[in-house]
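Asks: Listed below are the residues making up each chain.
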Amino acid sequence: MNLLLAVVVGTLYGAGIFMVLRRSIVKLILGLGLLGHATNLLIFSTSEVVRDAPPLIKTGETSLEGVFASPLPQALVLTAIVIGLASTAFAIVLMKRAYAIMGTDDVDVMVTTEGS
Amino acid sequence: MNRSLILMTATRYLVPIILMLSVFILLRGHNEPGGGFVGGLLAASAFALYVFAFGIKEAQRLLGVHPLALIGSGLFISLGSALIAPIFFGEPLMTGKWIDTFELPGIGKLGTPLFFDIGVMLVVVGVTLLIVFALAGEDEQLGGGS
Amino acid sequence: MANHHTSSNRLWILGLIPLAFAAYFFLQLEGVASGQFLQFSIPWVPDLNVNFSIYIDGLSLLMSLLVLGIGGLILIYASGYMAGNAKIGRFFFILIFFMIAMLGVVVSDNIFLLFIFWELTSISSFLLIGFSHESEKSQKSAQQALIVTGLGGLALMAGLIMLGYIGGSWELSELLAQGQFLDGHPAFPAVITLIFLGAFTKSAQFPFHFWLPNAMAAPTPVSAYLHSATMVKAGVYLLARLYPIFGGSDTWFFTLVIIGGITGMLGGWLAWQQKDLKRIMAYTTISALGILVFLLGVGQKIGTEAAVLFLFVHSLYKGALFMIAGSVDHETGTRDVTILGGLRGKMPLTMVAVTLATLSMAGVPPLVGFVGKEVIYEATVENVDYRVWLTAVAFVMNFFNVAAAAAILYMPFIRSQPADTQLELDHTHEAPWTMWIGPLSLGILATLSFFFVGSELFSGQLIQGATEAVYGKPAEIKLYALPPALTIVPILSIFTIVGGIIFFAVQGRLIKAARAADAAVSRFGPESGYFAGFDGLLAGAASITLFVQNGKLRRYVLYVVVSFILFVGLPLFLNFGALSWRLSPPPLLYELIVSAVIILATLMVTFARSRLAAVAALGVVGYGIAILFLYFNAPDLAMTQFSVETFTVILFVLVLYRLPAFKAITSPAGRLRDVIIAVLAGGFMAMLVLLVTAVPQSQHVIDYYAQSSYPLAKGQNVVNVILVDFRGFDTLVEISVLGVAAVGVYALIRRGVIRGLSRGERGES
Numbered sequence: 004m005n006l007l008l009a010v011v012v013g014t015l016y017g018a019g020i021f022m023v024l025r026r027s028i029v030k031l032i033l034g035l036g037l038l039g040h041a042t043n044l045l046i047f048s049t050s051e052v053v054r055d056a057p058p059l060i061k062t063g064e065t066s067l068e069g070v071f072a073s074p075l076p077q078a079l080v081l082t083a084i085v086i087g088l089a090s091t092a093f094a095i096v097l098m099k100r101a102y103a104i105m106g107t108d109d110v111d112v113m114v115t116t117e118g119s
Numbered sequence: 234m235n236r237s238l239i240l241m242t243a244t245r246y247l248v249p250i251i252l253m254l255s256v257f258i259l260l261r262g263h264n265e266p267g268g269g270f271v272g273g274l275l276a277a278s279a280f281a282l283y284v285f286a287f288g289i290k291e292a293q294r295l296l297g298v299h300p301l302a303l304i305g306s307g308l309f310i311s312l313g314s315a316l317i318a319p320i321f322f323g324e325p326l327m328t329g330k331w332i333d334t335f336e337l338p339g340i341g342k343l344g345t346p347l348f349f350d351i352g353v354m355l356v357v358v359g360v361t362l363l364i365v366f367a368l369a370g371e372d373e374q375l376g377g378g379s
Numbered sequence: 004m005a006n007h008h009t010s011s012n013r014l015w016i017l018g019l020i021p022l023a024f025a026a027y028f029f030l031q032l033e034g035v036a037s038g039q040f041l042q043f044s045i046p047w048v049p050d051l052n053v054n055f056s057i058y059i060d061g062l063s064l065l066m067s068l069l070v071l072g073i074g075g076l077i078l079i080y081a082s083g084y085m086a087g088n089a090k091i092g093r094f095f096f097i098l099i100f101f102m103i104a105m106l107g108v109v110v111s112d113n114i115f116l117l118f119i120f121w122e123l124t125s126i127s128s129f130l131l132i133g134f135s136h137e138s139e140k141s142q143k144s145a146q147q148a149l150i151v152t153g154l155g156g157l158a159l160m161a162g163l164i165m166l167g168y169i170g171g172s173w174e175l176s177e178l179l180a181q182g183q184f185l186d187g188h189p190a191f192p193a194v195i196t197l198i199f200l201g202a203f204t205k206s207a208q209f210p211f212h213f214w215l216p217n218a219m220a221a222p223t224p225v226s227a228y229l230h231s232a233t234m235v236k237a238g239v240y241l242l243a244r245l246y247p248i249f250g251g252s253d254t255w256f257f258t259l260v261i262i263g264g265i266t267g268m269l270g271g272w273l274a275w276q277q278k279d280l281k282r283i284m285a286y287t288t289i290s291a292l293g294i295l296v297f298l299l300g301v302g303q304k305i306g307t308e309a310a311v312l313f314l315f316v317h318s319l320y321k322g323a324l325f326m327i328a329g330s331v332d333h334e335t336g337t338r339d340v341t342i343l344g345g346l347r348g349k350m351p352l353t354m355v356a357v358t359l360a361t362l363s364m365a366g367v368p369p370l371v372g373f374v375g376k377e378v379i380y381e382a383t384v385e386n387v388d389y390r391v392w393l394t395a396v397a398f399v400m401n402f403f404n405v406a407a408a409a410a411i412l413y414m415p416f417i418r419s420q421p422a423d424t425q426l427e428l429d430h431t432h433e434a435p436w437t438m439w440i441g442p443l444s445l446g447i448l449a450t451l452s453f454f455f456v457g458s459e460l461f462s463g464q465l466i467q468g469a470t471e472a473v474y475g476k477p478a479e480i481k482l483y484a485l486p487p488a489l490t491i492v493p494i495l496s497i498f499t500i501v502g503g504i505i506f507f508a509v510q511g512r513l514i515k516a517a518r519a520a521d522a523a524v525s526r527f528g529p530e531s532g533y534f535a536g537f538d539g540l541l542a543g544a545a546s547i548t549l550f551v552q553n554g555k556l557r558r559y560v561l562y563v564v565v566s567f568i569l570f571v572g573l574p575l576f577l578n579f580g581a582l583s584w585r586l587s588p589p590p591l592l593y594e595l596i597v598s599a600v601i602i603l604a605t606l607m608v609t610f611a612r613s614r615l616a617a618v619a620a621l622g623v624v625g626y627g628i629a630i631l632f633l634y635f636n637a638p639d640l641a642m643t644q645f646s647v648e649t650f651t652v653i654l655f656v657l658v659l660y661r662l663p664a665f666k667a668i669t670s671p672a673g674r675l676r677d678v679i680i681a682v683l684a685g686g687f688m689a690m691l692v693l694l695v696t697a698v699p700q701s702q703h704v705i706d707y708y709a710q711s712s713y714p715l716a717k718g719q720n721v722v723n724v725i726l727v728d729f730r731g732f733d734t735l736v737e738i739s740v741l742g743v744a745a746v747g748v749y750a751l752i753r754r755g756v757i758r759g760l761s762r763g764e765r766g767e768s
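Protein chains in written order, with our numbering: chain A, 4 to 119; chain B, 234 to 379; chain C, 4 to 768.
Hint data in this document are derived by calculation from the structure and do not stem from the laboratory.
Don't be surprised by glycine CBs; every beta carbon is placed ideally from N, CA and C.
Be aware that a few hints might be false.
[Claimed, not checked] Rough simulated footprint, nothing fancy, chain C against chain B, three-plus residues with beta-carbon under 8 Å: (1) 245-253; (2) 289-300; (3) 316-322.
[Unchecked claim] Cβ-Cβ distance ranges computed for the label pairs, FRET-style: (4) V70(A) / F576(C): 43 to 51 Å; (5) V70(A) / S566(C): 39 to 47 Å; (6) V600(C) / V70(A): 53 to 61 Å; (7) I20(C) / P319(B): 44 to 52 Å.
Construct the complete structure from the given sequences, taking the supplied hints into account.
Replies: Written out as structure tokens, the structure reads:
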């Protein structure tokens with residue numbers, strides 16, 4: 004099972020890094036999105052993956068018993084997902100402003116903040 | 234922009250339902266899947282739908298307050314719930330405090346973590362809507378509802 | 004301006020404070036000399052063995068007296084010298100700061116405390132050399148002094164830490180009590196080399212001597228105080244301090260005698276050729292520092308006694324001479340001895356002071372300098388093995404000092420001004436009282452040698468106390484202002500003086516040839532090496548910076564990723580052979596299908612030609628991951644991921660139509676390179692997952708949350724409980740970050756709205 008997640012994580016990272024190395028700023032931000040997914044999944048996969056045992060305490064019990072999915076990586080990833088939304092939004096707006104001001108989407112050409 | 238009649242009609246009915254659902258998701262979050270983050274995103278999606286159906290002006294009027302105000306009040310509520318224990322009970326920051334006398338159905342006991350989550354929800358709604366309003370209506374003047 | 008003048012004239016009062024402290028220390032002399040050392044300790048950072056511990060024995064007391072006594076006179080002097088200077092406040096501040104640091108160096112017991120104060124003296128020296136920071140020469144000199152002494156300081160710290168580690172204590176007093184505990188230890192050569200480096204750089208020993216003459220760019224009170232009387236003696240002090248541990252070994256003897264001898268002779272040789280009064284002083288100071296190191300190398304009772312005595316004597320006359328050089332500069336506007344002359348009548352009090360100081364420097368009886376020189380010769384003559392060599396070296400060093408002293412006295416003061424110079428000296432007059440009181444007091448003190456040298460207070464307590472501290476054993480010391488019997492030693496002294504004066508008389512014929520020879524040699528000297536190294540460092544840094552930071556974001560990312568592959572991924576791969584290829588529990592069909600969809604969608608994001616397709620594919624990736632979360636028991640994650648992904652796609656679509664279409668701008672070779680790097684990095688990340696899951700996860704944190712969620716936080720959804728309760732503070736910070744990001748977005752957009760539409764938007768709509 005961990006092999007499956009490993010392949011998915013590896014693909015996401017590889018594609019994300021390739022995209023981040025592009026000159027188009029749109030691709031760069033798409034790449035950041037992929038890297039975000041990859042990292043969330045990486046953190047998630049650090050704990051034992053189990054089926055049919057969410058980290059919810061059954062009514063009437065006072066603790067998680069038996070086999071259960073680890074709640075800790077889930078809490079971390081939940082935070083990361085929402086932060087990811089905020090940073091992606093910020094990046095998108097920044098990209099839009101940068102393009103509007105500089106008139107190019109080529110990162111190599113964007114060397115100055117002065118309007119061209 | 235041409236507005237779709239179907240979308241407008243559907244939105245009228247969907248928005249209250251989604252908003253109620255978001256509150257429900259928020260409240261049950263302590264015991265079942267859900268919570269402030271998801272609840273906030275759901276509520277924001279209701280307003281986003283409204284933006285696409287009726288435009289930003291209408292959505293802002295529906296919201297009634299500036300998204301920044303939501304962010305601010307959300308942070309204030311969360312921080313306030315964290316401060317209750319040190320201020321009133323002399324215990325460490327963020328110590329959970331509950332009213333033990335009664336239990337609400339589906340929510341459980343009323344306590345500071347719930348208010349914390351409400352604050353989280355308000356921040357998430359505010360942030361998401363601020364961004365959506367900003368991007369969808371860059372040409373229009375941003376501002377509060379009225 | 005007038006205001007400045009009056010206020011700065013009152014600054015001399017500050018000089019009384021160190022003098023009062025000096026008096027206090029002087030009162031402690033009798034107790035310290037009888038073995039009642041002043042000692043106290045306050046824990047500072049006990050976990051790191053850093054204590055504020057003070058230990059004052061005879062040596063520390065002598066040094067403290069010099070630091071405070073001369074410091075007081077220098078402050079008084081500086082109030083006159085710097086009068087009218089707009090930065091006089093800063094000057095006094097740094098000077099007093101230095102005084103405290105220097106006092107700290109000589110009284111510290113804790114090794115780290117010593118090092119801290121040591122570095123503080125280097126920093127204040129840097130600030131004072133660069134005091135005229137508008138001048139490029141000052142900047143360069145200050146930088147040079149800081150680099151040389153700073154590098155030496157690092158070596159010293161390493162040496163001291165090794166010493167403390169081996170000796171099992173971080174207090175000097177405890178280390179010294181163990182005697183020569185390092186003899187035969189395998190680390191001995193390393194420790195002694197490092198400590199020598201620290202001491203030699205600080206005390207301007209060959210081949211690190213070059214920074215000291217350049218340090219003369221500092222205002223003269225600084226040169227007199229830091230670069231003659233005190234700071235440059237810190238290295239000598241350190242060597243003296245550590246004599247009980249290292250003294251007596253062959254390494255100690257030969258290194259110090261050879262380096263000290265070379266420094267002493269080289270300084271003397273360079274001194275007499277200089278035109279600038281301060282540079283003459285600088286080189287004779289280097290020479291004197293060489294003599295001190297040389298004497299510590301000679302060692303034994305008489306060697307340490309000679310070193311201690313000469314340390315004292317030199318500070319008296321050289322401090323005075325530097326102040327006089329400053330007064331001459333102050334009153335005439337130049338320090339060039341070739342055009343000065345006839346100052347004897349114009350500056351009578353200074354004339355008295357310079358006469359006494361130079362006579363003491365030349366070792367003319369009955370001044371105290373004579374006693375110093377006598378004991379130096381006694382030390383070399385008493386050495387059985389190398390008597391002739393040592394005496395010859397000491398003779399050369401002393402001989403040049405006599406010649407230099409003669410030059411300082413004769414050229415600006417005694418002779419008439421040369422007729423062919425442009426310099427106008429008719430209106431020159433005596434310096435203000437603040438500027439002659441210091442040199443004159445020091446000169447008179449040197450002259451009164453006849454009354455105090457033989458006294459119990461001086462030889463029996465001050466010098467004997469310091470000598471015993473260095474030597475490490477009881478030492479009976481009896482000094483005479485005039486030799487009680489005519490032995491070889493006084494004869495050597497007479498030869499030195501006569502020879503020096505004859506040399507001075509004929510030096511005019513030698514000076515041209517000597518300067519030419521020096522210029523030829525200096526191209527290969529240590530200072531050329533310093534500049535070559537310094538320029539090389541700058542050029543190297545510039546080329547690396549241009550290569551690494553070329554302003555292109557992608558290049559930076561590339562370096563990060565490649566470094567990650569080389570320095571993180573590869574070692575992981577090489578060191579962890581046993582990866583966990585677990586397939587259990589075997590993936591179910593729908594899990595495989597979702598994973599395949601994610602992978603396909605990922606590739607589509609990468610290779611899509613249309614922007615909309617890429618964004619849609621990114622959405623599919625997100626939804627696929629949400630479904631995986633759902634399968635693997637993370638309902639909260641799945642819900643959040645679904646909502647977030649929806650918003651992300653909406654945001655992309657909202658801006659996408661304003662942006663240009665994709666085009667292939669990278670060359671095929673560049674794309675291939677990026678593909679290879681991306682595949683490698685992705686492969687290593689996949690490996691990382693396998694590695695992490697191969698290690699059994701720590702259960703106790705998870706168990707804590709599993710057990711405590713309901714009893715402590717009254718919640719059944721453990722993930723939510725962690726977010727709003729156990730780790731609520733993290734969440735609080737997180738929503739603050741969200742708010743900041745939103746405000747950032749708002750600000751970016753608002754700015755655009757206010758400034759009106761820019762070029763790109765106009766073109767599109």
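Asks: Hint by hint, say whether it matches the structure.
Replies: Now the hints, each set against the structure:
1. A stretch counts as covered by a chain when three or more of its residues have a beta carbon under 8 Å from one of that chain; for the stretch 245-253 of chain B and chain C the count is 0, and the coverage is violated.
2. With 1 residues carrying a beta carbon less than 8 Å from a beta carbon of chain C, the stretch 289-300 of chain B misses the three-residue requirement, and the given coverage is violated.
3. Only residues whose beta carbon comes within less than 8 Å of a beta carbon in chain C count, and the stretch 316-322 of chain B has 0; fewer than three means the coverage is violated.
4. A hinted range of 43 to 51 Å is violated for the C-beta pair V70(A) and F576(C), which are about 32 Å apart.
5. Separated by about 40 Å at the C-beta atoms, V70(A) and S566(C) satisfy the suggested range of 39 to 47 Å.
6. In this structure the hint that V600(C) and V70(A) lie 53 to 61 Å apart at CB is violated, the actual value being about 28 Å.
7. In this structure, I20(C) and P319(B) meet the distance hint of 44 to 52 Å, their C-beta atoms being roughly 49 Å apart.
Of the numbered hints stated above, those contradicted by the structure are hints 1, 2, 3, 4, 6, listed in ascending order.
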